[in-house]
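The lines below spell out each chain.
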Amino acid sequence: MAGGNRSGVSLRTRVFIANGGVFVTVGLILALTPWTVTVPNDLEDATVLVSGLTATVLVNLLVLGRAFGPLERLTQAMERFQPLRTDGRVPVYGNEREIVQLTKAFNGMLDRIEGERRDSVQRSLAAQERERKRVAQELHDEVGQSLTALLLQIEGLSRSAPAEMSEELGQLRDTARDTLNQIRDVARRLRPEVLDDLGLDKAIATLCQRLGEQSGLTIDCRIEPVLPQLRPEAELVAYRVAQEALTNALRHSGADRVEVTLEREGDDVVLTVDDDGRGLDGAGHGSGIQGMRERALLIGAELGIDGRDGGGTEITLRVDGRPWTVAVAPDSLEAH
Amino acid sequence: MIRTLIVDDHAAVRAGLMSILRREPGLVPLGAVSSAEEALRDARRLEPHVALIDYQLPDGDGLTLCRDLKQLRNPPRVVVYSAFARPALAVAAKLAGADGMLDKGVEVDDLFDSVRAVGRGETALPPLAPEMIARCTARLDPDDVSIFGMVMSGTPMEDIASVLAVEEQQVEDRLRGMLRDLLSETGPADGANDSRPTPPPPARQQSDP
Chain P
1024 MAGGNRSGVS LRTRVFIANG GVFVTVGLIL ALTPWTVTVP NDLEDATVLV
1074 SGLTATVLVN LLVLGRAFGP LERLTQAMER FQPLRTDGRV PVYGNEREIV
1124 QLTKAFNGML DRIEGERRDS VQRSLAAQER ERKRVAQELH DEVGQSLTAL
1174 LLQIEGLSRS APAEMSEELG QLRDTARDTL NQIRDVARRL RPEVLDDLGL
1224 DKAIATLCQR LGEQSGLTID CRIEPVLPQL RPEAELVAYR VAQEALTNAL
1274 RHSGADRVEV TLEREGDDVV LTVDDDGRGL DGAGHGSGIQ GMRERALLIG
1324 AELGIDGRDG GGTEITLRVD GRPWTVAVAP DSLEAH
Chain E
80 MIRTLIVDDH AAVRAGLMSI LRREPGLVPL GAVSSAEEAL RDARRLEPHV
130 ALIDYQLPDG DGLTLCRDLK QLRNPPRVVV YSAFARPALA VAAKLAGADG
180 MLDKGVEVDD LFDSVRAVGR GETALPPLAP EMIARCTARL DPDDVSIFGM
230 VMSGTPMEDI ASVLAVEEQQ VEDRLRGMLR DLLSETGPAD GANDSRPTPP
280 PPARQQSDP
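Line by line, the protein sequences give chains P and E. Heads up: take any position in the first sequence, counting from 1, add 1023, and you land on the numbering used here. Heads up: take any position in the second sequence, counting from 1, add 79, and you land on the numbering used here.
You may find that some hints are simply not true.
[To be verified] No more than 25 Å apart at the CA atoms, straight line, and that leaves these computed lysine to aspartate or glutamate pairs for DMTMM-like:
no.	chain 1	residue 1	chain 2	residue 2
1	P	K1156	E	E210
2	P	K1225	E	D260
3	P	K1225	P	E1267
4	P	K1156	E	D147
5	E	K173	P	D1164
6	P	K1225	E	E210
7	E	K173	E	D147
8	P	K1156	E	D88
9	P	K1156	P	D1134
10	P	K1225	E	D147
11	P	K1156	E	D182
12	P	K1225	E	D182
Quick caveat, the hints were computed from the structure, so don't treat them as lab data.
So that you can see chain P by itself, here it is in the shape it has in the complex (with noise of 0.2 Å):
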């Protein structure tokens, strides 16, 4: 779409010649006709002067507003424009040449700013996975270990001990138990191995039902018996965005059932997380749905976030399900 016939002719040229032509016209009327402009104006004088004036201006703003009306449309468009989505860039208004250029340009800024973004957000984002992955593996492994470690010398110790002293030993066990417990739950957020080892259906139905459990909330969760594996990444990214959604909907909404959903369309896989909260006019809109934003803006994925004031929210989650190749996976997959 370069600028068309015109196109060779810059905006500056244009505002010259049109204005270069009122001025030699009026000139050449001057010069050529009987009418002339004297120091004592009388009403002739002045009705040539006034024509010639409004004429000019006339012509200036009729030259100039149709060179500048695309650059109104273009800033409107640059308005209107919504970081953090694919598809948003400004159509080419007009064909002067230098609307073009700075319709291109600015798509071009665009282009860099999302994949410089898209970058530090990856950077970030898998940063904070190592890291979770991590806290996770540590809490385990040592936290755990010594949980572990003191259970056992309890059980052992109240194998020998006076009988008196049993019901006491008791208590201790179950509190080092509850806090094993509680340990491997915090590593299991931080960290979900069911995903990895079971797919995202036995993931999602996992964490519906273990926040449930917490909460004491109904979460319907109905999952697609048969659903395309997703790559890992966008495994990852869609149990995340359900987990971010759902503890959204548990701590924020003040909702009493939520409705999860994972199923087919089409080519596409679709989480849904629906809950009769009291929608986004509030604590909802934090960083968590920018988070979510980003981390499917990440895998090419679709969010669609609709908060119904007071009448709750529903999150969707689009992602493309056709098979994808393993040749890109294998060295994403190995560990470090």
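Once you have looked at the hints, place chain E on chain P.
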């Protein structure tokens, strides 16, 4: 009397296990060691009935140790006793020829029961969900899948070797390779952690002819 060897790199866990096993009638703890190397040495010397081994060891992992123990002249029965909670570990334990697997969070009485059952020649492995086996299969080298399937269905090593017309050692090597594949840390976080940029539209198989 079930003679048991404890292998765990955590000193307090070793002490705790020794103290409870010592008090339990019918079970005799032979000793507790902290590494795979010591475990092999002691197993050769003491010939325990059951080895109770942790998954994480300073010089290797419990499942590789399990394979090594099973090569001994009088191999012990092996119970993997682990805090490492990945579901795939159960599949890997079965593949490694372990006779039992226990989570470190279980009640002590369940631990005794499992050690006794395994000592009697029974197995104490958790049930393996079909989808878990399917996911594990997807992680393997396609050439290994037939061996994997035979091991999962309980075919002895020598039969696998004769079916495939290869040496038993080759099957053993493939088995160890599979264990590495299964327990390598897979997952999206690793996929995203290198600086290799992944373009947002995922790479796909061309479905057009």
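Consistency of the hints with the structure:
Restraint check for K1156 (chain P) and E210 (chain E): satisfied, since their Cα atoms lie roughly 24 Å apart, inside the 25 Å limit. Proposed proximity of K1225 (chain P) and D260 (chain E) is supported: the alpha carbons are some 22 Å apart, at most 25 Å. The straight-line distance between the Cα atoms of K1225 (chain P) and E1267 (chain P) is roughly 17 Å, inside the 25 Å bound, and the hint therefore holds. At roughly 30 Å between alpha-carbon atoms, K1156 (chain P) and D147 (chain E) are farther apart than 25 Å, so this suggested pair is violated.
Distance restraint check for K173 (chain E) and D1164 (chain P): the Cα-Cα separation of roughly 22 Å lies within the 25 Å cut-off, and the hinted pair is therefore satisfied. Between K1225 (chain P) and E210 (chain E), the direct Cα distance comes to roughly 9 Å. Compliance with the 25 Å bound is thereby established for this hinted pair. Of the pairs offered as hints, the one joining K173 (chain E) and D147 (chain E) holds, with about 15 Å between alpha carbons and a cut-off of 25 Å not exceeded. Between K1156 (chain P) and D88 (chain E) the CA atoms are separated by roughly 21 Å; this keeps the pair inside 25 Å, and the hint holds.
Restraint check: the Cα-Cα separation between K1156 (chain P) and D1134 (chain P) comes to about 32 Å, which exceeds 25 Å; the hinted pair is violated. Proposed proximity of K1225 (chain P) and D147 (chain E) is contradicted: the alpha carbons are some 34 Å apart, above 25 Å. Restraint check for K1156 (chain P) and D182 (chain E): satisfied, since their Cα atoms lie roughly 20 Å apart, inside the 25 Å limit. Restraint check for K1225 (chain P) and D182 (chain E): the C-alpha separation of about 20 Å stays at or below 25 Å, so the hint holds.
Of the numbered hints stated above, those contradicted by the structure are hints 4, 9, 10, listed in ascending order.
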